[in-house]
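Q: Sequence:
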Amino acid sequence: MNQFTRRHFLRQTAAASAVALAPAIVRGRNLNDKLNLAIIGAGGRGAANLKGVASENIVILCDVNEEGINAAAQKYPNARKLTDFRKVYDHAKEFDAVVVSTAEHTHAFATLPALQLGKHVYCEKPLTHNIWEARVIREAAAKTKVATQMGTQIHAGDNYRRVVELIQSGAIGAVTEAHVWVGRAWGRHTNEAESKEAKDIVFVQERPAKADPVPATLNWDLWLGPAPKRDFNNVYFPGPKWYRWWDFGNGTMSDLGSHWIDLPFWALK
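Each residue of the sequence shown is one higher than the last, beginning at 74 in the numbering used here.
Note that these hints are calculated values from the structure, not bench results.
Every value quoted in this text rests on a predicted model; they were computed, and no experiment measured them.
Wrong hints could be hidden among the right ones.
Claimed, not checked - Listed below are the simulated EDC-like cross-link pairs for lysine to aspartate or glutamate, each with C-alpha atoms no more than 16 Å apart in a straight line:
| # | residue 1 | residue 2 |
| --- | --- | --- |
| 1 | Lys154 | Glu139 |
| 2 | Lys283 | Asp304 |
| 3 | Lys302 | Asp320 |
| 4 | Lys314 | Asp285 |
| 5 | Lys314 | Asp273 |
All chains should be built: construct the whole structure from the sequences, respecting the hints.
A: Here it is in structure tokens:
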């Protein structure tokens, strides 16, 4: 697959569909019917999201890693299985909505075609890899007026809602300042020896000079997608290792800051 840039890909996709198709859920559909869903990213966080929509019809499973597809296919053997998320939209008539749980650097690329086709979208946080992509997605969503949601699982939990209610009720008085601190910047352990013993993420400051063998189940080229060409290395994959590298993520701020900063921002608005 030829490497493509973010700007070129988004411009090309935005121009591809001048008229969005009306979503099936709006076209007189019985709202008690199950939704037909396409799952883009079936392993890792995608596996958890898949459980959350298990009551719906899963018609497409897409993942660049065969392990993710094979595990999901055990429960959904009749679902179409794909590796390239661009191919998902060749079968747009088969589904009403998509669930996007890919690596951060491909969120916008998997989401935009769905919006252009009038498909509802649930996309994992962070919504995009940069602000420009977020603006493109926002404009596309405003034009099609489909149902959209960015997945931040803690935001949807009872605990966060309870804290917000307490603060907004004045239970702790007027809040004038909030500090947010996250102790996990890389892995879950304090030194390299403990990390290796626990098979956790080991801190690596410099980009690896040598490549590691690509796992037999992984299509590395498709995983890279619009990112700069990089040789495979175990410091990038599997998730959540990738978010420590600018090519694929935005560090702890986007991974965990999106959770911890969310609470004071929400409660104090």
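Q: Look at each hint and say if it fits the structure.
A: Status of the hints after comparison with the structure:
1. Lys154 with Glu139: holds (10 Å)
2. Lys283 with Asp304: Judged against 16 Å, a Cα distance of about 8 Å means the pair holds.
3. Lys302 with Asp320: holds (9 Å)
4. Lys314 with Asp285: holds (15 Å)
5. Lys314 with Asp273: Within the cut-off at roughly 10 Å; holds.
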